[in-house]
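Number of protein chains: 2
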Amino acid sequence: MNVTSERHLDGGVVERTFTLGEVPGILWTPAAASAPTPLILLGHPPLGLPRMYPRLVDRARQAVADGFAAATIELPGSGDRPRWAAADQARADMRRAVEAGEPVSDEIIDALVLPLVDRAVPEWRAALDALLALPGICGPVGYSGGVISIGVRLAAVEPRIAAAALFAGSFVPRAVIEEARRVTVPLHVLLQWDDEGNDRQAALDLFDAFGSAEKCLHANMGGHTGVPQHAGDAAARFFTRHLK
Amino acid sequence: MNVTSERHLDGGVVERTFTLGEVPGILWTPAAASAPTPLILLGHPPLGLPRMYPRLVDRARQAVADGFAAATIELPGSGDRPRWAAADQARADMRRAVEAGEPVSDEIIDALVLPLVDRAVPEWRAALDALLALPGICGPVGYSGGVISIGVRLAAVEPRIAAAALFAGSFVPRAVIEEARRVTVPLHVLLQWDDEGNDRQAALDLFDAFGSAEKCLHANMGGHTGVPQHAGDAAARFFTRHLK
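As they're listed, the protein sequences go chains A and B.
The opening position of the first sequence corresponds to residue 62 in this note's numbering, with each subsequent residue numbered one higher.
The opening position of the second sequence corresponds to residue 62 in this note's numbering, with each subsequent residue numbered one higher.
Next up, chain A with everything else stripped away, as it sits in the complex (with noise of 0.2 angstroms):
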């Protein structure tokens, strides 16, 4: 992991930037701590790190003020990180389907979706790698947020991560739904109740999946970009309930 820039923010932060391997990443964590202090791993969609920050430094001030460590990576085919052809594909037959108004196949998902799981979920392990090596930085993790797909399959193979609280607000391929079984750790889900640019009923059923005996779903109204204060809090809370 190198350390590309390092800077304090306002309220006690230090945001540091990074690179592991072609892969950037932000890393922030609490100027003064007398301990070691759990990490909470920031999902984000696939618009890349430059267009997400302000959302994501918002995030991650919470998460400091909670007693937290937060950090994030971009993901495979997002800001500055090279696309893949097949993925253009993929996104072009969606953006046709949509604009058509027709139904978006479990074919297009697959094809968006599986391969950007597949190359992220190992990147994520690899940063927990880096991450947990830094002094003053401990588990357990949770991870937050972003393409939901990427937070099920993480929280299905990697053992260091203790609770998430993930967004139903994307596409989710048949696959990951039967991933969702092997989940077993306490999880807050976050549904837009009116969110356009996703299926209501293939959430509710995601939810229904997930093995973890703790679980719960919060349902709002509103669109994708409409989650109301409290229900950020409330997410902040659950992490609360079971990193601390």
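For the record, the hints were derived by calculation from the structure and aren't laboratory data.
None of these values were measured; they are calculated from a predicted model.
Glycine included, C-beta positions come from ideal geometry on N, C-alpha and C.
No incorrect hints appear here.
Chain A regions said to be covered by chain B (calculated; three or more residues, Cβ under 8 angstroms):
(1) 259–271
(2) 277–286
(3) 289–298
One-sided and incomplete, this derived list gives chain B residues near chain A with beta-carbon spacing under 8 angstroms:
(4) His291
(5) Ala295
(6) Arg302
Given the coordinates of chain A, work out where chain B should sit on it, guided by the hints.
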């Protein structure tokens, strides 16, 4: 309203029992309050106030600790109040269907729930008249829990109800789902995902039907009586957001 007893509970709570005509009830207020406090009406299942008392007083203590007064009244046909033959018949029909493993028909649900709602709602409104006439109690008023169809009707017809926390845990007549479209106050709906006495899809349909611009659904694992502590805390925060 005739106050029939008054005692001080631990934690600065004054508990008064009262009767309003033939309807018994309980009022809990802060022992020391510098200004009138908003009121939360505590709904409950039709098992009788004596049997429900332990759970009601816990909810009342939470409400008073949060700066509210709390009150409840006995339901028609419950506790020491006279039964009526049609309700006994409907309960027997429901029990027979459940024990035979048959679906509970819309006709049975209507016969069981609608007369209860028709009788109970005017009584809650009369109680509200009497309670808001007391010194130290003011609006806005919240309604919490109990038979969800009573909460729906009350929120639809009673303009003094400013927010409602409803527990999706009882059979809902089709007519009440239609009434839900007229509800516009902020709602917090609690759903036990594996509630053995509740149809999950009917609960989701009811949530969808509410006309409120601000409504949230909190679904948790476990059966009807397995509501986790954090779900109760979230309902308390909902009332603090909307009634203070």
